[in-house]
Amino acid sequence: TAAECEATAMEHVLALALSSGFERVIFESDCQQVVNVLRNDY
Numbered sequence: 001t002a003a004e005c006e007a008t009a010m011e012h013v014l015a016l017a018l019s020s021g022f023e024r025v026i027f028e029s030d031c032q033q034v035v036n037v038l039r040n041d042y
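Here the UniProt record's numbering is used: the first residue of the sequence shown is 1, the next is one more, and so on.
Source of the hints: derived by calculation from the structure; they are not laboratory data.
Just so it is clear, the structure is predicted and the values come from calculations on it, not from any experiment.
One should not assume that every hint holds.
[Stated by the list, open to error] Pairwise CB distance ranges (calculated):
id	residue 1	residue 2	range
1	T1	F27	17 to 27 Å
2	G21	T1	31 to 41 Å
3	T8	R39	30 to 40 Å
4	T1	R39	13 to 23 Å
5	A3	V25	11 to 21 Å
All C-beta atoms, glycine included, are put in the ideal place defined by N, C-alpha and C.
Required output: the full structure, derived from the provided sequences and hints.
See the structure below:
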C-alpha cells in the first residue's frame with residue numbers, strides 16, 4: 001500500500017540520517033495513517 005511504501009521510505013531515510021551523524025530528523029507526510037502510527041495515535 002501507499003502507507004507501507006511511505007513508512008519504508010521513512011525508515012530508510014532515518015537510517016541514512018543516523019549513519020550520517022544527524023541526531024534529530026523532522027518528517028513531513030500527507031499520509032494520515034503513517035502519521036498516526038508514528039505518533040502512536042492508532
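Range hint compliance [Cβ, T8 to R39, 30 to 40 Å]: violated, 18 Å
Given the hint of 31 to 41 Å, is the C-beta distance from G21 to T1 inside that range or not? With a Cβ separation near 32 Å, G21 and T1 satisfy 31 to 41 Å, so the hint holds.
Beta-carbon spacing of T1 to R39 - inside the hinted bounds 13 to 23 Å or not: holds, 19 Å
A3 and V25, beta-carbon distance inside 11 to 21 Å? For A3 and V25 the Cβ distance comes to about 19 Å; the hint holds.
Indicate whether the distance between the beta carbons of T1 and F27 respects the range 17 to 27 Å. Between T1 and F27, where Cβ atoms are some 18 Å apart, the hint holds.
When held up to the earlier numbered hints, the structure conflicts with hint 3 and nothing else.
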